[in-house]
Every structure is written in C-alpha cells, then in structure tokens.
Amino acid sequence: MNTADPKPPGAPLPAWVLPVALGWTVLVASLLIWQIMGDRDTMRRIARAEARTHFNKDQAVRLWAAAHGGVYVPTDARTPPNPHLSHVPERDIETPSGRKLTMMNPAYILRQMMEEYSDVYGTHGHITSLKLLRPENAADAWETNALKAFETGIKEVFEFTEIRGEPYLRLMRPLVTEKGCMKCHSAQGYQVGDVRGGIGVSLPLAPLIAEHRSSSVQTAVALGLIWLLGLAGLSGASGLARRRMAERLTAEEALRKSEYRHRIVADFTDDWEYWRLPDGSLTYVSPSCERLTGYPAREFLQDPELLMKVIHPEDRPLFVRHLADLRDAPVDERHAEMEFRILTRSGEERWIGHVCRQVFASDGKPLGRRGSNRDITARKLAEAEILKLNAELEQRVRDRTVQLETANKELEAFSYSVSHDLRAPLRAIHGFARILQEDYAPRLDAEGRRLLDVISVEAVRMGRLIDELLKFSRLNSQPLQKEMVSHQALASEALEQLAAVRSGRRIEMAVGDLPASPCDPALLLQVWVNLLSNALKYTGPRAVAEIVIGGRQEGDDAVYFVKDNGVGFDMKYADKLFGVFQRLHTSAEFEGVGVGLALVQRIVHRHGGRVWAEGRVDEGATFYFSLPNPEGKR
Amino acid sequence: MTTGAPVEILLVEDNPQDAELTLRALLKRGLANHVRWVRDGVEAVDYIFGTSADAAPAISRPAKLILLDLKLPRMDGLEVLRRLKADKRTNSIPVVVLTSSRQEPDIEECYRLGANSYIVKPVEFENFSAAVAQLGMYWLLLNQEPKLDPPPGPESRS
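Those protein sequence lines, which keep their order, are chains A and B. To convert, count from 1 in the first sequence and add 5; that's the numbering used here. Numbering-wise, the numbering used here puts 35 at position 53 of the second sequence, and it's gapless, one number per residue.
Here chain B stands alone, though its shape is the one from the complex (with noise of 0.2 Å):
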C-alpha cells in the first residue's frame, strides 16, 4: 500500500480479516498498489469529500473504484452509497458493493441507491480471490470511466 502514489481502490472494510484477504486478492493481480483502506463509513465520507461535508472533496479524484461494504460501524454503506451517488462530482465512480449479505433488501437498496456491482463475498477462499480480483481486473482494466476535468495527477498505470 503506497499512501503518496494516487489511490485507485478504495476499501471501505471494517473487518480486518475480510481487508487482508481482498488486499492479498488484489495483490496477487498486482493490483494493490494504489489501495486506500478505511475502516468505516464516517472514515470513507471523510476521505472522499473531506471532512466536512459541504467543504469541495479533499482529493479531486477520490478513487477509480470503491469496495464497499454494507454493514460498517458509525455509518453504514447505503449512507456512504447514497452520498457517493447524490453528488455529482463523485456520482459517476464506480460502486462494488462486496458484502456477506444476500438479503433481496440490501441487493435492491443498493441497486437503487446507484450500486454499479453486488457481490457476495463467498465463503470459499478461492472463490473470494477469484471474485475480488476479477473484479478488480474488470473495473480498472476492462471499465472505461469518463474524462474528468481537471484529470488528477498522473495516469494509472494501464
């Protein structure tokens, strides 16, 4: 995890087990590099909008893929959902909801809310490392996102 580089993931996981699983997913893809784990829903509000809310998002382009799980302390992720996808300036970053629950609710919730993705984490340690990091794959590789203006930083690597 490089803290300076751009992130590109960020993990909103409360679960520290369920974090060093998905990040040893993602490192195995090479993907762990730009990975930016917060451990609640206050946390990742703050990250991605700064800490006050009405203040502009402390980073321009927050992330270019957010794993969110949805039962957390302090704030849960349909309340991180709903405000990631009710502003514009963030509306438009893509969503995975990576969560145990297979509760039709929370599925429909989500997809309302503007979720881009539900996964049920599986059980089985294969399964999960193959889901994480295929979508990992999918999101930052296969997925084309739309240009921001101005783009922040420098380019991922592709």
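Looking at chain A on its own, in the form it has when it is part of the complex (with noise of 0.2 Å):
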C-alpha cells in the first residue's frame, strides 16, 4: 500500500509571540504614559513657576507700594481718588502748584496696572480677603476655601483647577498684615502679622496643555512607530520561528514515517530477525521470535544469551563456529549460513535456516551483527523424507542391479551355452545329413535327396538365426565406447565391406555430407553395415539399384538416412520393421533373418536417438536415425 505524503502540518504560532507582543506594547504604552505624565508634570511645574513669577511680580509692586505707604498719583478720571480709601487721611492732597494727587494703595495700584495693561502685565493677579475694603475684591468659593486654609497656618495653596470650563492654574499665598498696611487696613483692626486675606494667580493653562498635547502627540507617534517597528521585528521573528518550527515538524514526521516502515517492514515478517552489537546486547528482536521459539522478544532484549540458549545443545558448538567463521571471513563477504536446531519454550525441537551479516556504519565502523531465523522445520522434514526415500530407492537400486548383473551373468552363461550347445547338434544334423548323401546317394531317389538338402539348408539358417541373436543380445551387456566418429568414413568403411555384395550389380550410389557425432563407432559401422545391405538387398531386382546416404544436423541430434529405390514397404506395417524377427517378405524373397533392423534399433536406442522410416510399396524406403549430438547446433 502507498499512502501519498501528507503535507507537512503548518506550525503553530510560537508561545512566546503573543507575551511578547503584549510585554512590548505595555513597555511602549508605559513609555508613552510615563513620558506624557513627565511632559505634564514638567508643564505643571513651569506653569507653577510662571505662577510664582507672576505673584512674585505683584508681591515685589504690592510691597514696593505698601513699603511707601501708598504712592501719589494724579488725580484724573483714570484714577479717581479710591472712595475705599476714604477713611484715609490725606487720601487727597494738592501739590503746591494746585495739581490734585490721590493715593493709590498696593490693592489699587495693582488693580489699575491689571486693567489698564493685562495685555503687557499678563496674568491676573487677585487679592481677596474674607474682611474686604472692596467689595468687588470678594472672593470666590475657592478662594474662600484657601483663605480658610491659610488661618490654619498653610502657606501657599496650588491648584489645578477650572474657571468657566477653561483649565487655570491658581496659586494662592496668604496676605501678611505689614506696618505699611496698617495705614489704610488698621481700621479693619488687623494687627501687623495677622493673615489679613490672599493674593492669588489664576494662570490659564490652555497653551501649555496645547503644548503639550503636541508634544504628546508627538511623542505617540515617535512611540507608535517604534511600537510597530518593534511588532514588525516580532512578527518577521515569529515567522522565521513559525518556518524553523515547521521544517522540524517535517523532518520529525519524515523521520517517524521513516521509522514506521522500517519498523513494519521489521515486526511483519515471518523470520525472527535481530540486530546484535558488538558489545553482546540486542538492539532489536522481531516480534515473531516468539512464533519460533516461544519467548518473547521481550526476553531476548532483556537476555541477549538467549540466542544461544535457545539452540540445540548439540549444535551449539556449529554455531560457535559460524560466529568465528563470520569474524575471520573477508570483510567484503562478512555473512554466513547455517542450520541449526533449536529448543522451544516448550521444549520442542525445530530446524532454523540461520542467515547472518556484519553490520558497518558508512564510515566502516562494526556495529555487530544482524541475524535472521527461518523456520525450516518443514523442510527439513521433507528433506529427511527425501533423504531416506533417496536412501531406500538406492538400496533398491542396487538390490535390482545385482539381480540385474546377476541376469546379465546368466545370460551371458545363457548365451554361451546357446553359441556352444545350440550349434553343436546342429552341426551333427547338418553334417550327419550330408554323410547321408555322400554315402548314401546311389540308394536314395530324388526326393529322398531333396529332403535331405531341405535338412542341410534349415540347419544352416538355424545356426546363422544363432550367431544374430547371439550377437543381438551381447548388445546390451556392452559398455558403450564412445568418441567423435566420422560418419563419412563409417559409411566408406560399411560399403567396402559390402564390396561382395555389390560386386556385379549396377549402382548409382551417392553419399552427401554426413556430421560427425559422438558414438561407439564399432556399434554404429554395424548400423551403417545392416542398414546398406538392406538397400542393397531390397533394390535387388532393379536394373538399376539407386541408394542415396545423407544427414544433417536437426537441432540437438545429427540425422542420417539411406534411401534406396528398391520394392519398398507398405507404411502401416512401418512398426514392425525393427521388430527381432520381423519381416515383411519371406525367405524365398529376400534372405535374412529379421534382426538387422532390430540391431540398428537397440544400437541407436542405446545413444539416446531414434529410428524411423518412410517407404511405399514399389517405390523404395527411406530409413532414418538420430544420434545426439548437441555440439554440432549452430
């Protein structure tokens, strides 16, 4: 099964991205507070300051004025003479040149500078008292408020704070009776050193807070930039992490799906298989290990002796030998196999085909060595059958061929008493016959004599039926001699041996080119000899015999034939031409005896071939026959 390889799975957001983020911006948010809260602070305190200056200013012209006790100005509508003042003495003096003066104490100074000049002067200053020569003077409830603060002994009084829904600073100091004073406040009955009331600056903040909102803007976007300057390193961070990440998880899951295979590949097999190092420990045992010995893999990790616990006593020292034979093989051809046989947990015997390898690392190190166990018990039992079959097969072997050498022995004893004893009284018919004529002649008539020759005749086909069958049956008991034969001499030599029989007859005799091929050439002169006298003799009534000798090679067997142009066969009688004894025309037509056929037949049977032939009746036969002779193939 091929499963296609998923996708490797997007890696999610790093954890620390998100504190980060977070860490970041409350690190930028505080920033920009605590630089907004400094700006405001600072702001504060110059407006603080701007409000002391202020009140410094009006104090330092108050204590001037006071210090003088009052200054004298021209009367003019600008300035009329303080009516607040009229218990004053010598509110309005004249100078001697008649130009009216009146006085004008700190409060009016101060008031008339305010008005008539708050462009240049600035910020309002105001004196109030809770006992006022001007009513206009009164305070408000805030300034109630300070003046009420002051008697408790505090002396100045700040506040952030809104007039009419604009945002003022105001400042507040308490007012010091002083000897100056007492000569327009006396009458209020204050005494020097009392706290007669306060002067205070409202000091509008509008264009400092203006200022600074845009310094604090300012500072926001300065800030805001960094902010996303800072989440953009996060973020490129954060990716750049997020593809580390994902790369990891890519190589892990190539690695366990890596693993996975190897893993199935290794538990699933039928074979224990195991991985030993070189310090003696198993790092690996198939699961089926148990299926062939009955212990667990479990058992073999935790006891790595086991394997050789589990064989056979008997065996042991074979297996002790193949781990040496293993040591010492060349480092090339480090593995070997063997069989042995093992003991089950449950003490049952089993045969292990046992294949084992030397492992090395890429950089030749030995890192021990990977075995793999097969049950081979089956076989091994079928062997043991085989074995013992084989076993029994050949001791029938040789029982059948002693009785068979026997037979040959009898035979041959049987055919050398055939040829001994068959022929003698044969002779003595024959020859006792012929003692007859000789002797006997002038009493004996015609048919008396011709009886007699009728004798001599069948005795002598007896003894030449004797000699072929005897010569036939000797076939079989000789040992084949085989060498590469020249057919083409086989046959010269078969023809010159014939040279009686063809002396004066007419024969076109044609001879092709004959293959050689590995044969007994004696056995196969014999063939050529039977299978040409036949020609020869089955042409006999033609005028002119016409026998052709060819072969050639057909795939693994080299053929030949004789073709003759004599009386022929009928073909359905073509099974027993090479029949012993067979014939298919009499003596009277044809001498023989039936056996020339049936000896070319058991010579070339005996060298693996085949004989056959092809004939009509009138118009000649064809007799082939094939001799092995893979060789000769092209």
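Hints listed in this document are in silico derivations from the structure and should not be mistaken for laboratory results. From a predicted model like this one, the values you see are computed outputs, not experimental measurements. Virtual Cβ for every residue (Gly too), placed ideally from N, Cα, C. Misleading hints may appear alongside valid ones.
To be verified - The following label-pair restraints were derived from C-beta to C-beta distances:
{"id": "1", "chain 1": "B", "residue 1": "Q(-1)", "chain 2": "A", "residue 2": "A446", "range": "18 to 26 Å"}
{"id": "2", "chain 1": "B", "residue 1": "D69", "chain 2": "A", "residue 2": "P447", "range": "49 to 57 Å"}
{"id": "3", "chain 1": "A", "residue 1": "E452", "chain 2": "B", "residue 2": "Q126", "range": "45 to 53 Å"}
{"id": "4", "chain 1": "A", "residue 1": "E399", "chain 2": "B", "residue 2": "Q116", "range": "53 to 61 Å"}
With the hints in hand, could you dock these two chains into one complex?
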C-alpha cells in the first residue's frame, strides 16, 4: 500500500509571540504614559513657576507700594480717588502748584495695572480677603476655602482647576499684615502679622496644555512607530520561528514515517530478525521470535545469551564456529549461513535456517551482527523424507543392479551355452545329413535327396539365426565406447565391407555430407552395414539400384538416412520393421532372418537416438536414424 | 584309429557327433591313423602327464597336435591348455582350439594362455570338413616342430 505523503502540518504561532507582543505593547504604552505624565509634570512645574513669577511680581509691586505707604498719583478720570480709602487721612492732596493727587494703595495700583496693561502684564493677580475694603474683590468659593486654610497656617495653596470651563492653575498665598498696611487697613482691626487675606494668581493652562498635547502627540507618534517597528520585528522573528518549526516538524514527520516503515518491515516478517551490537546486547528482536521459539522479544532483549541458549546443545559448537567464520571472513563477504536446531520454550525441536551478516556504519565502523532466522522444520522433515526415500531407492537400485548383474551373468552363461551347445546338434544334423548324402546317395531317389537338402539348408539357417541372436543379445551387455566419429568414414567402411554384395550389380551411389557425432564407432559401423546391406538387398530386383546416403544437423541431433529405390514397404507395417525376427518378406523373396533392423534400432536407442522409416510398396524406402549431437548445433 | 602306433593327433572332444565328424574329415585326408580321442579334460591331462600330475609324462612325446574343445566335462579346455603351456615339456606342442564358441573372452583367454590357433567349428558340414582337413594338413605336414631329445620312436610318416 502506497499512501501519498501528507503535507507537513502548519506550525502554530510560537507560544512566546503573544506575551512578547503584549509585553512590548505594555512597555511602549508605559513609556508613552510615562513620557506624557512627565511632560505634564513639566508643564505643571512650568505653570507653577510662571504662577509664582507672576505672584512674586505682584508681590514686589505691592510690597514696594506698601513700603511707601501708598503712592500719590495725579487724580484724573482714570485714577479717581479710591472711595474705599476714604477713611485714610490725606487721601487726596494738592501740590503747591495745585495739582490734585490721590493716594493709590497696593491693591489699587495692582488693579489699575492689571486693568490698563493686562495685555503686557499677563496673568491677572487677584487680591482678596474675607474682610474687604472693596466688595469687587470678594473671594470666590475656591478662594474662600484657601483663605480659611491660611488661617490654619498653610503658606501656599495650589490647584489645577477650571474657571468657567477653562483649565487654570490657581496659586494663592496668605497676605500677612505688615506695618505699611496698617495705614489703610488698621481700620479693619488688623494687627501687624495677621493674615489679612490672600493674593492669588490664576494662570490659564490652555496654551501649555495645547503645547503639552502637541508634544504628547509627537511622542505618541514616535513611540507608535517604535512599537510598530517592534511588532514588525516580532512578526518577522515569529515567521522565521514558524518556518523553523515547520521544517523541524516536517523532518520529524519524515523521520517518524521512516521509522514506522522500517518497523513495519521488521516487525511483520515471518522470519525472526535481530541485530546484536558489538557489546553483545540486542538492539532489535522482531516479535516473530515468539512464534518460532516461544520466547517473546522482551526476554531476548533482557538476556541476549538466550540466542545461544535456545540452540540445541548439540548444535551450539556449530554456531560458535559459524560466528568465528563470520568474524574471520573477508570484510566484503562478511555474511554466513548455517542450519541448526533450536529447542523452543515448550521443548519442541525445530530447524532454523540462519543467515547473518556483519553490520558496518558508513564509515566502516563495525556495528555488530544482523541475524535472520527462518523456520525450516517442514523443509528439513521433507528433506529427511527425501533422504530416506533416496536411501530406499538407492538400496532398491543396488538390489536391482545386483539382480541385473546376476541376470546378465546368467544371460552370458545362457548365450555361451546357446552358442556352444545349440550349434553342436545343428552341426551334427547338417554333417550327418551330408554324410548320408555322400555315403548313401546311390540308394536314395531324387525325393530322398531333396529332403536331405532341406534338412541341411534349415540347419544352416538356424545356425545363422543363432549367430544373429547372440550378436543382438550381446549388444546390451557391452558398454558404449563413445568418441567423436566421422560418419563419412563409417559409411565408406561399411560400403567396403559390402563389396562382395555389390559386385556384379549396377548401383548408383550418392553420398552427401554426413555430420560427425559422438558414438561407439564399432556399433555404428554395424548400423551402416545393416542399413546399406538392406538397401542393397531390397534393390536386388532393380536393374539399376539407386542408393542415397545423407545426413544433417537438426537441432540437438544429427540425423542420417539411407534412401533406396527398392521394393519399399507398406507404411502400415512400419512398426514391424524394427522388431526382432519380424520380416515383411519371405525368405524365399529376400534372404535374412529379421535381426538387422532390430539391431540398428537397439544400437541407436542405446545412444539415445531414434530410428524411423518411410516407404511405399515398390517405390523405395528411406531409413533414418538420429544421434544426440548437441555440439553440432549452430 | 590305431592305439599301438605313436599318436600324432590328440582330439579332446566330449561330443561324440563332433568327434565322429572330425575323425571322418581327418580320415578323408588320410590323417586319422594316429588319432587319440579323449572325452574330457581330466582324461586328456591323464593321458599327457600320466595319472599323477607330478609324475613324468606317460609318454615323452604325447602328440604332434592337440585339437582341444573348450567346453568339457570335469576339466574344461582352458584349464587343459593352461597346464600344457605351463609345463616346458609340453608347451611346444601345437594346440588348436576347436570349439563352437565365438565368445571374444574365450578367444582372448586362449591366445593369452598360448593357444596356437583358434577355430570356430562351422555348422555347415562342408566347411567343417574343410577346416579340419586344412588344419590337420597344416600342423602335421607343413608346420616344422622343434627337435626333442630323445625323439620318441620312429618318425611319423610324412
């Protein structure tokens, strides 16, 4: 089963990204707040300093005026005599030249300065008291609270507050009664050192706040950019981290899949696989070991020597030698095989086909030994069965061979006695018939002499039958003496032997190229003689005998033939041609005893070849034989 | 067959018909006068060496030619041949094996033991007669035998 590799899983956002982003945001925000707060404080300090400056300026003017016990200025429309000072003697005086002057106390001076030069003067100061000379100077709610606070000893009251909806910094300090004050304010019952009222300054904050706002916006923009920069860096870093993570996950996934594949391959084998490290420990044992040995993999891992312990005690030395062979083998052939028996946990004996191989790291460092064990019990039993059957078969063959040898010897003895003893009576029959003819001819009539002739002829024929039969039976007992033989030479020799038969006849003989083949030359000469003498015999009635000898290589066989234009034969008797004593013609037509072709067949069969014939009555015959000749194949 | 005269041919043949045919063939050529016919190997050895094998031969020159069949009762022709050729007193006597056997091992063994000739008895009477007559003529008349001391009795007719 081949499953497509799934895409590597998307890596999640690294866990540290959000806290870092949050931290960064908090940091930048804090900075912003801190900056803005700092700016505000600065703004307020400036405001306060400015307020004090104004206050001090007023104070300086007041103190200056008070120190002079008021100041006389020309009375005019702008500066009328102060009605609130009517109780002060010499409020209005005349210069010797008659210019009218009126006294201005500090409050009056300041009021006029503020009213008439407010644009230049800036911030309005305000002098107030709970006991007023001038009702317009009455304290508002805030001032009233501040004045009350002064009575408890507080020297200065500051507050950022709003006046008519606008932001202001208000500063107020107590107005302590001094000697100069008494001139105007003694009527009110004040003593020197009494807190008579308060002098306040209200600084409008709008411009400062506006400035602060614009600086805050700048800060915010700058910090915002820094923040974004930070986030961008963070995002880049997180992307990088995610990619790294994804790569790692992909690699891990690949590794996991690879491990899975190898484990499946290793675990799901029928063979019992293991890997033993150089230190003797087992790093892997396939679960299949339990099926083979009855011991689970865990026990092998715990005790690697179990590998040796399960081996049948008689086979352990073999295994030890096997290990030594493996160690001593040339590096590039460090694997070895053997077969041994094991005893399973239940004591059952099993056959194991063992193969093992030295393991090397790519740098050539030895990593121990990888073993593979297969249960070959069934095969071994089958082998044992085969061995047993083979042994039985061999015994049977031996028995049969002995029987055959005995039979052969008996046959030889039989042949010997046939050869010797059967001929003797024949000789006697023939001899005595002849003697009868010689010695008693005058007393025999023609019929008597004819009968004696028949006896003689038949006795001679039987003698020849015996000779042929002996030759035929002897063929089986003679071993083949094979050599590479030129059939061209054999056929020539056969024709020479048949010279006597050929003499006096008109024969057209054609001899083609005959391939050489491995055979027993003496026996094959007999084949050629028999086939050629047959051809000569059955072409006897022809005025001109035509005989063709030929041969060719056909596949792994050399095939030879002898073709004649003789009397031929009927193909329906073709199977009888090669039988012993089988004849298709009478002795009267063609002499012979019917052994020649049987002999040919026997010889060719003994060489592993075939014989066959083709022919038609009166149209000649062709006799073929083949001999195995694999080397003649082109 | 004359028993008193020196034997020229010792015929060792168990088959009376063969013996008769052989004798007839020899007779026709006038060679049968001094033929001694024994019927088996033991008789042959007894005749040549006397009854005891250790004793001196009964006759110093037992025969000029021995015609020996191979298949014989009691002691076969090969054993007779072996004994004749193993004894220096008799090893120069020509031995012609005259047998029905065409078996190659027989032929080889006979020549190995020192047979002078090996003839397969033809079945045909004419051939048989001719063969016996020829070998008789050859060995008795044409063949020159070695001189022996002392020559036994008068020379056979030539």
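Structure-based check of all given hints:
{"no.": "1", "hint": "B:Q(-1) with A:A446: 18 to 26 Å", "in the structure": "21 Å, holds"}
{"no.": "2", "hint": "B:D69 with A:P447: 49 to 57 Å", "in the structure": "50 Å, holds"}
{"no.": "3", "hint": "A:E452 with B:Q126: 45 to 53 Å", "in the structure": "51 Å, holds"}
{"no.": "4", "hint": "A:E399 with B:Q116: 53 to 61 Å", "in the structure": "56 Å, holds"}
When each numbered hint is compared with the structure, no violation occurs for any of them.
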